[in-house]
Each structure stands twice: as structure tokens, then as C-alpha cells.
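Assembly of the complex is requested from the two constituent chains, each provided in isolation within its own frame, with the hints serving as guidance.
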Amino acid sequence: MFVPESIFRTPFLTAISVAVPWAAAALVVVYRQHLRVIACVAALVSISASAVLLGEAPKGNSLYQALMLLFSCLTFGAMLLLARRDCTVGTIAGILFLLGSTLLAYSSENLLVLFAAWILTVLPFMWPGWFRARTWRPFVGLLVSSCALALAIGLISSATGVVAIDGLRGRSPGSVGAFALLLIAVICRKGILPVQAWVADAAEGGPAIPTALLFNGHFGALLVAKVIVPFFPDMDSLFPILSYLAIGTAVYVAIRALGENSPRRLLSFVALSQSACILSGLESRTAQGIAGAQVHWFVVTVSTAALFGILRLLEVRFGENLTASKHLGLAEHAPRLAVSFAIFGLALVGLPGTLGFCSQDLLIHGMLTSHPLTGLLLPIATAMNAVSIFRLFTRLFLGKHRTGFTVMADALPRERWILAAGILFVVLSGLFPNAIVAY
Amino acid sequence: MSLWQAILAFVVTAPGIVFGTFSLLWLLGWAPTERLLSRITGLTFSASTLGIAALVWRVTSPLSGPAAVTVAFGSWFAVGDYHFPLVLIADRLSLPFLALAAVLSGLIGQFSVTYLHREAGFLRFFLLLHLFAFGSLLAFAAGSFDLLAAGWEIVGITSVLLIGFFQLRPAPVENGLRVFGVYRACDIGLLVGIFAMHHWAGTASFYGSFPVLTGTRAVIVCLLLLLAASGKAAQVPFSGWLPRAMEGPTPSSAIFYGAISIHAGAYLLLRAAPLLARSALASAIVILIGLATAVQGAAAGRVSADAKTSLAYATLTQVGIVFIEIGCGWRWIAVAHILGNATVRTMQFLRAPSMLHDYHQMHSAIGDDVSTTDKQIEDLLLPDRLQLWFYRWAFDRGHLDTILDRWVVDPLIQCSAYLGKLDRTGIRWATVRFRNMAPISFKGRAGQRGG
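Residue numbers (our numbering), protein chains in the order written: chain A, 1 to 439; chain G, 1001 to 1451.
Derived from the structure by calculation, the hints contain no laboratory data.
A couple of the hints might just be wrong.
Among chain G residues calculated to face chain A with C-beta under 7 angstroms, some are [claimed, not checked]:
no., residue
1, Leu1177
2, Arg1184
3, Ala1417
Chain G stretches covered by chain A per the calculated footprint, using a threshold of three residues with CB under 8 angstroms from any CB of chain A [claimed, not checked]:
no., region
4, 1150-1158
5, 1403-1416
6, 1419-1426
Straight-line alpha carbon distances no greater than 35 angstroms define the calculated DSBU-like cross-link-like pairs of lysine-lysine that follow [stated by the list, open to error]:
no., chain 1, residue 1, chain 2, residue 2
7, A, Lys400, G, Lys1421
8, A, Lys326, G, Lys1421
9, A, Lys59, A, Lys226
10, A, Lys326, A, Lys400
Nothing here was measured: the structure is a model prediction, and the numbers come from that model.
Think of the CB as a built atom: it goes at the ideal place given N, C-alpha and C, for glycine as much as any other residue.
Excised from the complex, chain G in its bound form (with noise of 0.2 angstroms):
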């Protein structure tokens, strides 16, 4: 192994390293100091940053080979002809979201220390963390579609582990559940896609062979994708779980969706980019998506209360667009749109509540509210019953939850409680049959618990 593949490894490893070891130690009964953890912190992802950085040097300087460094470990496992490699790659389309990742994860750390000093879950949020970004980074060097949904997954579940941070109250555990529920859906997207590029091109790898699908089957395999990526970025029709997801601490907010986790799905885009070229109906509807999710955003941003929803909607509009640039095929201004896009939310989120705070101190001085509500674009550009009617559809955030819940969620529920009706009902007609003709006798009914 050279030295940058060793440099590689270690900047994806690292986290994750760094998360088991803290977890295991408190599994067991001990528990850092928060001084401790925060050097930790700090150091961990000051070296990623550095390793990215010389990773950057060696990627783009002229002299260098290759336009990419690559680890590869073989199979992480095997059977038959089929294999999961175990490959990492840093190139010129993972390496700006690597850096966005490793940077903004250690500044998210070092304002956390402060931001959540004695707070009661100090531990878990910088656990989360730590394994947030190890699976965001493990997903964007990862060399495969196989490896790449690995880290995808631990995004998720940290994502949801961290909305329900609070979780004495109720409602940011409910909107946790919400998210994760989403989040598991749409994942399906992504495994039946990878396997189906195993299934018709051999490979889900884009290291060494990009699969090669034409016609009707790369159209399959990027609706799949894009079904995974939608619910990642929440796009239109799964933007509700974005202000749910707000329950979070504010740097959590920042870090997940307003920088990493909601660019996830692009990337996953970016990634099967070759794949959406051979599809015109697919590229088609990413950009009716993103063009869907972009005035949604804009219009349920505008009419919300409070200021990280506002800005939730604000990162999910420009999310939009990029899903838009990246089905015209668009790629490098994709990445340049989101790394604005996510360095500029960051600092927006850890502002926010400080903002907040400066806004209350200047209206009490000034003993009145500096907010104006003066005529806005809308005014000029609908008829007033229209207005209503748009207000109404943005302040329920396009109804979007409503349809989820009527068509998917609710029918869910009472299929189950039906399933569960036909099941007693059995009971009830069969006990009385059984009852009569059994040698022995059962006194229990369903539902009495045993020890």
C-alpha cells in the first residue's frame, strides 16, 4: 500500500475508528470527559482534513499519475460469482464532498463543544458524529454502488438518531420514526438498482468498469436510483420529513441537512451520471423533480415560522435546482452548486439561533419589531383568490404529507389492524372448537403474557 492509499484509508477510517473504540468503552461502563472527547475530536478530523488535502495535491497536480487514488481491500465478502469489493477511490468528483465532509464535520465538532457543553447527551451527539461522518465518507470514496450504499445507510440511520437527540419529548422521536421510515423506503430503490446492475451488467462498481446499461434497463436502474435519492435529498414527493428532521440540534441540522446528508442523494446522481446520459426519460424526470421540489421548497420556505425551517426549505430549493442541473447533464456545476450551497447553510444553521437572539436584543432596544411585511412577489404576480389558495398549499407544505399519509401510511395501518382482526377472529372460532374436542385445557387467552 502506498503512501496516499494508506492516507485514504485512514481519513475514512479514522471516525469510525474513533466511534467504536468510545462506544465499546462506555458499553462496558466508562465514559470520556468532555475535554477528552473534544481533543479527540478535534484531532481526528483535523488529520482527515490534512490527508484530503494532500489527497487534492496529489489528484490534481500535474505531475502526478493517474487522476485518482484508489484502495482496494479484494472482496469484503464472496460467494459464487458474485463479490462486494472493497474499494475506496478518491477522485476528482469525490474528493470536493470527502473535503466538504471531514471540514465541516471537525468545525461542526469544535462548535458543538461549546454549543452543548454539559449538555446530558454530550456523548452520543459526538458518537453520532463520529460514525455520521464515517459513513458519509465511506460513501463518498466509496468505488462501488455496493459500498457506496453501506455508507449510505449509516448516514441514515444517524441522521434519524440525531433528530430524536431530545428524546424526553415525544414529538422529536415521532419525527425521528418519520424520517426512518422514509428513509428505509426509499433505500429499497437503491438495493433492487445495484442489483440490477449486478444482475445485467456484471458490476455495480465505478472503479475500473462503469456498468453498461442501455435502453429499458438503464431507465430502471435510474428511476431506482433516483427513487433512493429522492428520499436522501428529500425531493418532491418526500420533502415532508425535512422540517420533521428540524427537531435536531441546531449543528446536527447543520451538518445533516444543510450540508452532507442532503447532498447525498446528488452525489448518488453525480455517481450514476454515465448511466442518466443513456437515458433520456430518466434525465427527464430528474429535472421535473428537481424543478417540482425547487418551487415547493421555495414556496413552503417562504411561509414558514421559524427560521431552521425557513432555511431547511431554502437548501431543499437549490437541492432542486441541482437535481435539475444534474439531469441536463450539468455535472461540474452540480458540484460547484452544492459546495456553495452546502458551506453557506452550515454557517446560516450555526447562526441561526444566535441571530435569533440578536433580533430580540435590537427589538427590545428599539421597542418595535424591524421586520417588515411590505408587498411581495406574490402579490404582484396572483390574484388574490389565488394567493389563498397558494398560501394554503405552501403552509401545508404542498399537501405532500397528507397524500404520503392517505395513500402509503395510512392504508399501511389498517391493513395491519385487519390482519390482527382476522387473526383474533380465527382464535375465537377455532378455540371454541378446539375446546370442546382437546383432552387438556388452556385457560389462557390471547394476550396474557407469560414470564
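In isolation and in its complexed conformation, chain A is listed as follows (with noise of 0.2 angstroms):
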């Protein structure tokens, strides 16, 4: 069969991998029938592309296509685990729209596309009745994030009259303000000190897949990944900030976790804390460090969209009145969430034998390099969220018999294959997490 060869270059892959997922909202939005296959199909669609363009690209420098394929992944994931009450029209067509608008982000090598994918992931979670959370500090986050952005492009334009990221090699992108406004627009939308409060509220106060989508999109790591480290090479001297704000934020949030009883709140506070590290991995401008935070940006971006699926699952089946406050026992009830939950958990604070523990072996060697005092918070850090995940495990899985109720569907043959699969990741780039560093 005569297939073009044009169907396997680069643009058009990438244009099928963004444009299909915001083609198949569309439809969605008008067809309202079949909602979960057609976004099955539409991430299917995703992954497939993004898995050529990742073998097209040169080993060692395809972070994005490999970020690319993760988050189709991710997503497809995220619909089979969608709960059927929370599968609505607008749930999928919002996921879906959040997909292609990611996928644009990472395949961006434009200012202004970036910003315009910017924008359109932080859209359903501005819009009221969307995806937007019930109070008003994610609003602000994200608004600020996205002007700061704007107006740093703005001044990196002005200053080199070009936007396209390659074009930007090799000049002296900007001054200092571009730079401060990128640093806002990364601590605003990561959620860094001291504008860390946003990331509980959302999560506690918008539906919890998309807003683990939304986090998980890690276009703060991005912007630092993307423009900042290799484009401000003379602001050697404020680079150190951004990793001083970002430990600080590990540790912060960690010391909140140990004390939070929310469990949507709490388990945001892991993850911002463990994501923390990400930034700080590419801030130590050591080989192992980058590297660390590149395998630790898979292994949060995996395990806790994970633990956010479970969560909700469970309050989907136990009702949204989970805490840590008490034991819940629902292990009993449902032992094959508890334990995903166990090994995602885990695997985020860098249980052997999954890639979290490489990532953070690498992060910790990297940390240390580059920082050796603030570096010994990060272990720090790790340890307290280790506690507080482990918590939160046993309030809600275990310490109780219920006698209360006597069904209680553990997960259902759909979410168990799904959590299945990522749990195989995690345990095999784990025990071979060469495969991982190498891109």
C-alpha cells in the first residue's frame, strides 16, 4: 500500500497530533453521544503521532516528542478512569481541548505559539461553569502567570525583533525585567513560593482529572526548560532564586502536608512539592540534576495523575466526605485502588524499583553539586511527603473494619488494565531507567 511519505514529517504529525484532540472536542460538544470513545479514540489518535515523532526525533534531545507521547497517554488514561457520573460533555470536551492545547505547548518553537497554548490550557479553568475552581486564587494565579508571560514576550521581542525560539540562539534575549517576568509567570503558574496556595485550592476546588491535567502539564518546568536555562546564560547569577523559591517551596509544602487532613488538598501538597524539585533539578545546571528533573517530570506527572484518579474514584463510590482525619478501611472494600494507590504513592517519593527512585537519586547528586546547604532540603522534603502520602494511605485505606456498607466496587476492569499499565511503567523505567535518561 502506497503511503506519502509527507504523512511522517514532522509538522504534519505535530498538526495531527494538536489539531485531532481539539477536532474531536468539537465534535463532542456536537454530537454528545459516545463522549468516552471518541476521546479514547482522539488520544489514541495523539499517542499514535506522538510515538513516530518521537522515534523521528535524535536520541538525547527529544524531551518534548517523549512529553508529548507521555501526555497522550496520560490523557487517554484520564478517560478511562473518568468516573461515568463526571463523563459530561464538557469534562471530555475540556480534556480533550487541554490535550491539543498542551501538545502545541511542547511542540512549540515559537514565543508566541507557546503563549497562545499558554492561554488556551489555562482557558476552561478561567471560564465560569468549566473547569474553574470555586475560589479565587487559581483564577489570579493563572491570570497573573499568563500576563507576565505575555509582557516578558513582549519585552524579548522588542529587544531581538524575533519570536521564533530558534532565532533567539545566540543573542542576548532580554534584560533583566524579561527575566523577572519569566520567573513570574514560572512561580505563578508552578505555584512556587509565595504563591503556592493556589495549587490546594484548585485542586480541592475544580474537578479533580482535569485540574491533575492542568498540574501535570508542568508548563512552569517548560518555560524554565524551554527559554529560561538556555536562553539567559549571563543571569548566572539570579538563575540560584529560582532554585532557592523552589526547594523552598519542597519544603514548605511538605511541613503543610504533614498537618493537612483534606485529602485532595494534602495530596496536592506532595505533588507541588515533589514537582518543586523538578525546577530545581533544572535550575542545578548539573548533568545529573537536569537529568533528574527530566526522569522526576514523568514519574510526578504519572503517579500523581494516578493518585488523583483514585482519589476520585473513591469519591465517586465512598462520597466526597474522604479525610485523613479518621480511618477510612476501604482497602477492605477496594484493595486493588488501595494498592495503586500504595505504588503510585511511593513510586512518587522514590520506592526502589520504580523510576522514582532514580529520579531522585539523580536529583539529590545534582542538588547537592550545585548547592550543597540548600540541596539537604531536598531529601528533607522527600522524606516528609513520604510520610504524609504514607498517611494519607492509611487513613483512607486502612485502620477500620466497615460494617456500614457492603458493596463497594473496587475498580472496575477499565480502571484496573489502565492503573495496570502505569504501574507497569513506573516499575519498568524503574528497574531499566536507561531507557528514560536517554531522551
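Following this line, the structure appears as C-alpha cells:
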């Protein structure tokens, strides 16, 4: 069979991976039937296109293609994990829209496209009645980050006259002002100190799975990896600020998580603490730190999305009055959800045999090499996170013999298979981490 | 790969493969029968034991070549000049520990087939036993501190999950959480110590070139490793977790806190012995910690009201003495001591439930309590007032948990609560101002949940 060669060209595949989810989102809004099927097909198309892109990309320089594949897989998994009651037109369309926009950001080679993708990903979370949280802080956090990025890009383009990311190579892209605005964009988008509070508000007040997908786009880290680190080498003395803030965030929210009893907030604190480590690893500018940050990106993305997904499944089954202040003993009724929660939770904090162990090892070496004193805070924050996530696990799943109800479904087959696939990913890539590190 | 290397690789990985296979199958909806599980467990550990016997013959035979079997799988992962060496080693130090882990895991497995028959968590127990065996064999056969840390962490998490084995009661679960906290806090020492070895000596391997450090650097690394070893071996000031760990089923108490896990800390120090030998200060601290633990363990054990806790403290006392031996540089005495202590305590732990049953029967038969409470050694050595104080001190297990709670746990929780309060105050302050300015309305409040 004749297959035109142009099909395998990068721009075409990128367009497919971005446009198909958007088209599917539009189709869902119009057609309003077979929502999950349409979404899964669209995600599968994105997965296929991203996989081909990854295969075509040169090894060692294919992080963004790998992230495209990861996020497509994540969205596919989210579609399968989505509870039936959450499978509304708005949610499915929003998630597909988010997928297309996130892939656009990963693949963008132009600052304006990056900014457009940035705006498109936050749009559903600012729109009333869509994914917007009921409190104001997420709105403000996302708004400020978008404004800061817009101003930074304005400054950069006025200073250099170019908006293509490749075109910035070898030029000075702007003043301290542009750098500071980019930092503000990263800080606000990622929820770094002192604006860390919106993340927990969004996790608690917004829809669980779409919010987890928003967090796991890691646009703050993307901006650091794509723009800040490569194009601002002369800001050497200012770089550590980001690292100190990230480490401060990791410790601050790790301490907050120790006393938190709302499962969603607690989970968001742990996720934020661990994802802040990505920034500090990228900033460390050591080979181990950067590689560790990139591997950690994968770990945090898969683990936190799965944890939020499982938490939502528990809310759907048990009711939304979950709390970490007392033992709920749900493992008796949902053992597979319990085991999956434990594995993803422990992978997030570096259980050996999972990819988290490899990423933590690299991060700790990278951080301690570049910042010996502040780097010490990294294993301390991780230890506190481990205690918090284990506390949440024990409170939700163990410690009580429930007699009040007799029927509570464990993981359904579609949930079971996708959770098993996630576990296989974190475990197999943990056993053979070079496959991930090489990207 | 030679036959001996293949045997070593098999010995270490076999329990891990069993764990991985059964876990995945269970996750997908299939559960093995008790009979199948017990047979596979028996086969796995019998084969491992035979393999270790062959390795012992190979390493100790005067006709053989080098006195260690090593398997180098290259690097687990490598970035720049840093790589994580994946090397297994069976030498004269690791082999006794490997034998101990394989033989006792097999014995405990066979004992548990009957002991946990028709128990709801039968499969869970055996999966965790295999994972534990894999972790401990990996830690003992590791050719570097990096790989040792991987096995070390696996041993830690399995022991915590087995403490919470009786998951329908809150006490075992809470105790498991406490032990997990202590383990994770102390493991920071291991992680940072390994980094320091890489940073200062360029290696953390004890295969080929051992990290050479002297002076302050040797002291720092030794103290970091000592922190990790003290946490795992329940040495002072971390002894408080040991009685809490007795909430688990008796077979797991036997293998974890009578035999393998509790001695893993001593193994770490034995591996770091060349570093300890260069640091008199660190050696002195090891001796002091061992001495304090031995005294505290002996005292607390004497006032313990239940059999398992008494046995745990008896083990702890001996591990304290093992630390003293290591600090004094008597490595081989320490190894012999560990082997003896581990086997005796395992037997005692496994015998404890039936012994209590026998005692009850004996008391019923003679119609009286056969236990005697004659004069104790404290009566002869201490005046009455001091005895009472000493009793209270021992009964509260040296006040160690109280001290840790007051100085570490409570301040952290209070700090967390304070930061939460700060967040909420910030919300109230900004909400008032922001609501007046915002063109759109937010009717929600913090704590309101989305779908």
C-alpha cells in the first residue's frame, strides 16, 4: 500500500497530534454521544502521532516528543479512569481541548505559539462553569502568570525582533526585566512560594482529573527548560533564586502536608512539593540534576495523575466526605485501588524499583553538587512527603473494619487495566531507567 | 556470565521475580491458591539456599580463585560522570548474611503456611515476604552503597506494610506509620552519606576500589551512615519504634525484628568498617550508641509485659552489643554474634505463641501461677528510691518516644498547623479586598470541593 512520505514529516504529525483532540472536542460538543469512545480514539491518534515523532527525533534531544507521548497517554488513561458521573460533554471536551493545547505548547518553536498554548490551557480553568475552581486564588494565579508571560515575550521580541525560539540562539533575548517576568510566570503557574496556595485551592475546588492534567502539563518547568535556561546564561547570579524558591516551596508544602486532613489538598501539597524539585533540578545546571529533573517530570506526571484519579474514584464510590483525620478502612472493599494508590504514592517519593528512585537519586546528586546546603533540604522534603502520602494511604484505606455498607466496587476492569499499565510503566522504567534517561 | 555468577544473580532475583509475577496477576484479577503459593515459596527459597551453599563452597574452597563471586551488570543508569553501579558481590562478609536471609525466609514461609492458613491476608503476607527477601538479598549482595540503599529501602517498606498487616485495626496501622517516619528520617543519612562518598572519593563501591576518606570527611560519612544504621537497627534514640513493630504477625516479627531487618544496620556498619577504622570519633560514637542501646534494651525488656516485646528488647540488647563490637573493630566477632542472635531469636519468636499456650495449660493443670518473682538483680544493686525511678524509666522505654515526640514530631505538626493558619488568614485578608475589586464573583470558600 502506498503511504505518502509527507505523512511522516514532523510538522504534519505535530499538526495531527494537536488538531485531532481539538476536532474531537468540537465533535463531542456537537454530537453529544459516545463521549468516552470519541475521546479515547482522539487520544490514541495523538499517542500514535507522538510515538512516531519520538521515533523520528534524535536520541538525547527528544524530551518534548517524549513529553507529548506521555501527556497523550496520560489523557488516554484519564479518559478510562473518569467516573461515569464525570463523563459529561463539558469535561470530555475540556480534557481534549487541554490535550491539544498542551501538545501545542510542547511542540512549539515560537514564543507566540507557546504563549497561545499557555493561554488555551488555562482558559477552561478560568471559564465559569467549566473547570474553574470556586475560590479566587487559582484564577488569579493563572491570570498573573499569563500576563507576566505576555509582557516577557513582548520585551524579548522588542529587544531581539524575533519570536522564533531557534532565532534567539546566540542573541541576548532581553534585560533583567524579561528574565524577572519569565520567573514570575513560572512561579505563578507552578505555584512556587509565595503563591503556592492556589494549587491546593484548585485541587480542592476544581474537578479532580482535569485539574491534575493542568498541573501535570508542568508549564512552569517547560518555560524554564525551553526558554529560561537556554537563553539567559548571562543571568548566572539570578538563577539560584529560582532554585531557592523551589526548594523552599518543596519544604514549605511538605510541612503543610504533614498536618493537612483534606485528601485533595494533601495530595496537591505532596504533588507540588515533588514537582518543585523538577525546577530545582533544572536550575542546578549539573548533568545529574537536569537528567533527574526530566526523569522526575515523568514520575510526577504519571504518579500524581493516577493518585488524583484514584482519589476521585473513591469519592465517587464512597462519597465526597473523605478525610485523612480518621481511618476509613476502604482497602477491605477496594484492595486493588488501595494497592495502586500505595504504589503510585511510593513511586512519587522514590521507592526503589520504580522510576522515582532513579529520579530522586539523580536529583539529590545534582542538587547537592550545585547547592550543597540548600540541596540537603531536598531529601528532607522527600522524607516528609513520604510520611504524608503514607499517612493518607493508611487513613483512607486501612485501620477500620467497615460494616456500614456491604457493596463498594473495587477497580472496574477498564480502571484496573489502565492502573496496571501505569504501574508497569513506573516499575519497568524504574528497573530499566536508561530507556527514559536516554531521552 | 559464569555458572557462579548466574547462581548469584538467581539467588538475589528469584524472590523478586515471584513477587512481581504474582502481584501483577493479582492486580489483573487472578489470585493463586494457598497451596500453589506455598509450593512456589518453598521451591524458591530451597533453590536459593542451595545456590548460596554452592557459593559458600566456591568462596571458601582453598582450590578456588578469588575469594568472592561478583556479577557486574554495568550501570543501572548513568548521567555524565555519575553512574549507578549494578554489581552483586558474594564475599566472606555478604555470604553469611545471604545464607541467613534465604534460610530464614524459607523457614518462615513454611511456618506461615500453617500459621496463616485461611487468614484474609495470606497472599499479601507471602507477597511481602518475597519482596522482603528480595530487598534483603539485594542489600546484602550489593557491590556498592548505592545498590545497598535500594535493597535497604525495600526492606523498610515491606517491614512497615507487615507491621500494618492486621489492617482492620487502627493501632497496627498507626504504628506502621510511625516506623515508616523513623525509617525515612534516618534514611536521609544513607542518601546523603552515599552522595558524600561519590563527591569526595569518586565512588561508593566496595567492589574494586573502596572509597578512601580521611579526617573530617571520614567522620561525616561515618556519622551519616550511623544515622541510617541506628534507625534501621532501632538504636538509641530511635528504639521507640521496635515495640510498636510487634503489632505485625509473629512470623514477620521473627524475621524482621528477630533476624534480618534489625541486623541490617549492623551490616551497613560492617561494610563501612574500613571508613570507621579511619575515624576514632565515629567509632567511639558507635560504641556509645551501642552501649546506651544495650542498657536501655536490657532495662526495658525486663519490665515488658508481653512476650514479643521482651524478645524484641532482648534482640535489641544484643544488637547494641554488636554495635560495640563493630566500634571496637571486632568485625568477625560481630558477624558470629549476629548469626547466633538471629537464629536464636527467630526460634524464640516462632515458639512464643505456642509457649504462651503451654504456660496457660500448665497453670490450669496445677491451679497456680508457676512464674516466680523472687529477688531481682536490681534489688541487690540499687536503693529503693532509685529502683522506682529506674523502673519508671525502663517502663517508659527510656522516655525516648516522649523526647522524639516533644522535640521533633510535635513541633513539626505545630509548624504545619501554624502555616495552615497563615494561609487561611491570608485568604480572609485578600478575599475582602479582591472581592471588592474583581469584575467577576467567586461564591466559593476554601474547603469547598469540586467534582
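Pair hint A:Lys326 and G:Lys1421, alpha-carbon separation not exceeding 35 angstroms: Since the Cα atoms of A:Lys326 and G:Lys1421 sit roughly 21 angstroms apart, the hinted pair holds (cutoff 35 angstroms).
Restraint check for A:Lys400 with G:Lys1421, where alpha carbons must lie at most 35 angstroms apart: holds, 30 angstroms
Agreement of A:Lys59 and A:Lys226 with the hint, judged by alpha carbon distance not exceeding 35 angstroms: Status holds; Cα separation ~17 angstroms.
Cβ contact check, 8 angstroms cutoff: the region 1403-1416 of chain G against chain A, three residues minimum: holds (count 4)
Restraint satisfaction for G:Leu1177 [CB to CB of chain A, less than 7 angstroms]: With Cβ-Cβ at 5 angstroms, under 7 angstroms, it holds.
Chain A over the region 1419-1426 of chain G, status - at least 3 residues with CB closer than 8 angstroms: n = 4 at 8 angstroms, threshold three: holds.
Coverage criterion applied to the region 1150-1158 of chain G (partner chain A; beta-carbon cut 8 angstroms; 3 residues): Holds, because 5 residues of the region 1150-1158 of chain G bring their Cβ atoms closer than 8 angstroms to Cβ atoms of chain A.
Hinted pair A:Lys326 and A:Lys400, Cα distance within 35 angstroms: Holds. A:Lys326 to A:Lys400 sits at ~9 angstroms (cutoff 35 angstroms).
G:Ala1417 as an interface hint toward chain A, with CB separation required under 7 angstroms: Holds - the Cβ of G:Ala1417 comes within 7 angstroms of chain A, reaching about 5 angstroms at its closest.
Interface hint status, G:Arg1184 versus chain A (Cβ within 7 angstroms): Because about 4 angstroms separates G:Arg1184 from the closest Cβ in chain A, which is inside the 7 angstroms limit, the hint holds.
The structure fails none of the hints (numbered hints given earlier).
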